[in-house]
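Peer 1: These are the residues of each chain, in order.
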Amino acid sequence: MQAGWADAALEDRDILDLLHKGARDQAFAQLLDRYEHKLYRLCCALLRDTTLAQDAAQEALVRIWRALPNYDGRASLSTWLYAITRNRCLTAMARRRDESAVLDSAADAEQVSVEDVVPDDRSALLNALIGQLPQRYRHVLTLFYYEDRSISEVAAMLAIPEGTIKTTLHRARAALMEKLRRRGLDTPSTWLETNK
Amino acid sequence: MSNEDPTQSMDDAERALDAMLAQALRAPALPIMFRAQLNLALKRATTMERERQRLDDEYQQQLAELESGYLRLRYRTLGTLLGGTFAAGVAVALLMPWFNATFGANARFALAIIGAVVGVGIGTVSWLRRLGYANPLEMF
Numbered sequence: 007m008q009a010g011w012a013d014a015a016l017e018d019r020d021i022l023d024l025l026h027k028g029a030r031d032q033a034f035a036q037l038l039d040r041y042e043h044k045l046y047r048l049c050c051a052l053l054r055d056t057t058l059a060q061d062a063a064q065e066a067l068v069r070i071w072r073a074l075p076n077y078d079g080r081a082s083l084s085t086w087l088y089a090i091t092r093n094r095c096l097t098a099m100a101r102r103r104d105e106s107a108v109l110d111s112a113a114d115a116e117q118v119s120v121e122d123v124v125p126d127d128r129s130a131l132l133n134a135l136i137g138q139l140p141q142r143y144r145h146v147l148t149l150f151y152y153e154d155r156s157i158s159e160v161a162a163m164l165a166i167p168e169g170t171i172k173t174t175l176h177r178a179r180a181a182l183m184e185k186l187r188r189r190g191l192d193t194p195s196t197w198l199e200t201n202k
Numbered sequence: 686m687s688n689e690d691p692t693q694s695m696d697d698a699e700r701a702l703d704a705m706l707a708q709a710l711r712a713p714a715l716p717i718m719f720r721a722q723l724n725l726a727l728k729r730a731t732t733m734e735r736e737r738q739r740l741d742d743e744y745q746q747q748l749a750e751l752e753s754g755y756l757r758l759r760y761r762t763l764g765t766l767l768g769g770t771f772a773a774g775v776a777v778a779l780l781m782p783w784f785n786a787t788f789g790a791n792a793r794f795a796l797a798i799i800g801a802v803v804g805v806g807i808g809t810v811s812w813l814r815r816l817g818y819a820n821p822l823e824m825f
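Going line by line, the protein sequences match chains B and C. Quick note on numbering: this note's numbering labels position 11 of the first sequence as 17, and the sequence is numbered without any gaps. Quick note on numbering: this note's numbering labels position 102 of the second sequence as 787, and the sequence is numbered without any gaps.
It is worth saying that the hints were derived from the structure and are not from the lab. Just so we're clear, the structure is a prediction, and the values are computed from it rather than from any experiment. Don't take each hint at face value.
What the hints assert, rightly or not - Per the computed footprint, the stretches of chain C lying under chain B, defined by three or more beta-carbons under 8 angstroms from a beta-carbon of chain B, are:
1. 721-731
2. 763-770
3. 784-795
To be verified - Sample of chain B residues lacking proximity to chain C, with all beta carbon distances greater than 12 angstroms (derived):
4. D20
5. K27
6. A63
7. S82
8. W86
9. A89
10. I90
11. R102
12. D104
13. Q141
14. E153
15. R188
Stated by the list, open to error - Some residues of chain C that are not near chain B, with every Cβ distance over 12 angstroms (derived):
16. M718
17. E734
18. E752
19. G754
20. R757
21. V777
22. S811
Beta carbons are placed, not taken as given, at the ideal position from N, Cα and C, and that holds for glycine.
Build the full structure now, drawing on both the sequences and the hints.
Peer 2: Okay, here's the thing in structure tokens:
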């Protein structure tokens, strides 16, 4: 993890140099090239809704652009960017909770339940089952696969220690396996066949 | 990034699940219009920021003007007070012989009464002006 963060910090040095020179637009352009995909994936993992994620990522990036001249370098750039993005996502989640409290029945109707999924569509079934997992399991599990199984990246994105990420991942997989077992879908051959 | 292979310590079932999860949880691609929409949002934010800056500057300028006006007023008030006191002292010194000749032993009381009348008059005029009435002295 240390090496990963050190590499990221080294990579971001060019952005910091541009910022010190007062070239905010250039620094932001570099930052976009490097981080916009990651920030969008973080939003997708936390919100599980591409439209909401797009809005949240956009709002986060506008905030980042505004705050960029005030970035003091106390935290690494990636940590700072992820923190702003996470906060935007939390705001979006709170807003969605408020809205769904009002439109509870409509929201329920839009949710894809496990029972609605065609049994042959393993991917959709798995997604529906992941949706039933506790939020922190869901976030870690989703980001882990979005970020190409990089624990250090997930740890940085969620500001959680790597050890906790590993434990959460293990528990999330176990919980998912248990859900599959209850549906009689825990035989590896079944899964491997569909993967071929 | 962590270089260890997370599938190393897994059994068959876990490995199969891992493969399925990798398939089900594919990283979403950034929407095509994302950059264009972001640029629009940034443009809007820039305009708003400039407008806010302009309003802020305007407010600061007004505040500075108000402050300097207030200071000027305080200096003028202080000047008026000092000048008035000095003028009153000079007037009393000049008029004292006439007062003594006219009022005799009651000259002090007469002077005090005249002082009080002038003071009340100035106070009344300033209160009337503050309340928006025309300056009564300007009527004459």
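Peer 1: Look at each hint and say if it fits the structure.
Peer 2: Hints, verified against the model:
{"no.": "1", "hint": "721-731", "result": "holds (count 5)"}
{"no.": "2", "hint": "763-770", "result": "violated (count 0)"}
{"no.": "3", "hint": "784-795", "result": "violated (count 0)"}
{"no.": "4", "hint": "D20", "result": "holds, 20 angstroms"}
{"no.": "5", "hint": "K27", "result": "holds, 20 angstroms"}
{"no.": "6", "hint": "A63", "result": "violated, 8 angstroms"}
{"no.": "7", "hint": "S82", "result": "holds, 15 angstroms"}
{"no.": "8", "hint": "W86", "result": "holds, 18 angstroms"}
{"no.": "9", "hint": "A89", "result": "holds, 19 angstroms"}
{"no.": "10", "hint": "I90", "result": "holds, 14 angstroms"}
{"no.": "11", "hint": "R102", "result": "holds, 18 angstroms"}
{"no.": "12", "hint": "D104", "result": "holds, 23 angstroms"}
{"no.": "13", "hint": "Q141", "result": "holds, 16 angstroms"}
{"no.": "14", "hint": "E153", "result": "violated, 7 angstroms"}
{"no.": "15", "hint": "R188", "result": "holds, 14 angstroms"}
{"no.": "16", "hint": "M718", "result": "violated, 9 angstroms"}
{"no.": "17", "hint": "E734", "result": "violated, 7 angstroms"}
{"no.": "18", "hint": "E752", "result": "holds, 28 angstroms"}
{"no.": "19", "hint": "G754", "result": "holds, 34 angstroms"}
{"no.": "20", "hint": "R757", "result": "holds, 37 angstroms"}
{"no.": "21", "hint": "V777", "result": "holds, 65 angstroms"}
{"no.": "22", "hint": "S811", "result": "holds, 50 angstroms"}
In the structure shown, a violation is registered for the earlier hints numbered 2, 3, 6, 14, 16, 17, in ascending order.
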